[in-house]
Amino acid sequence: MAGTIDVALGLVQENGLWLVSRRAPGRVFDGLWEFPGGKMHDGESAEQAAIREVREETGLRVEPIGGLGSLITTQPELSVKLHLILCRRLDGTVSPCDDSVLELKWVTCEELTDLPMPPANSEIIAKICPITG
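First residue of the sequence shown? That's 1 in this note's numbering, and the numbers climb one at a time after it.
One or more of the hints may lead you astray.
Only pairs whose alpha carbons sit at most 25 Å apart, straight line, appear in this in silico DSS-like list of lysine-lysine [what the hints assert, rightly or not]:
1) LYS39 x LYS105
2) LYS81 x LYS39
3) LYS127 x LYS81
4) LYS105 x LYS127
By construction, these hints were calculated from the structure, which means they are not laboratory data.
Construct all of the structure, not just a fragment, from the sequences and the given hints.
Laid out in structure tokens, this is it:
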């Protein structure tokens, strides 16, 4: 039985760097890098979910500054609709705050393209990083 879940991603940029997290062992895509985010709760907007998920995973308090639309990715038995929310840091110190997060780091667009990430992230990177070279 296939289903669709809504996931909000908080795309946090600061000083030209993007915040990414590495998934902990034992999870889907474990060891890969991704943008902070997670499943949206019933009645929650993508912006609200992105704010909550970034806070829960990284300790940062952020505010949404724009949306980049959404994209759909499929896993066995499941479709995931990723809502892409650009965010700005308000305050807080970056630190893994959730068991799902192994580590966090700030990276450039060039570094993003070199990180091992789930397949859908190439589309996200194309949206947030200017074409170079």
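Checked hints:
no., hint, in the structure
1, LYS39 x LYS105, "holds, 22 Å"
2, LYS81 x LYS39, "holds, 10 Å"
3, LYS127 x LYS81, "holds, 16 Å"
4, LYS105 x LYS127, "holds, 20 Å"
Violated hints are absent here; each numbered hint is respected by the structure.
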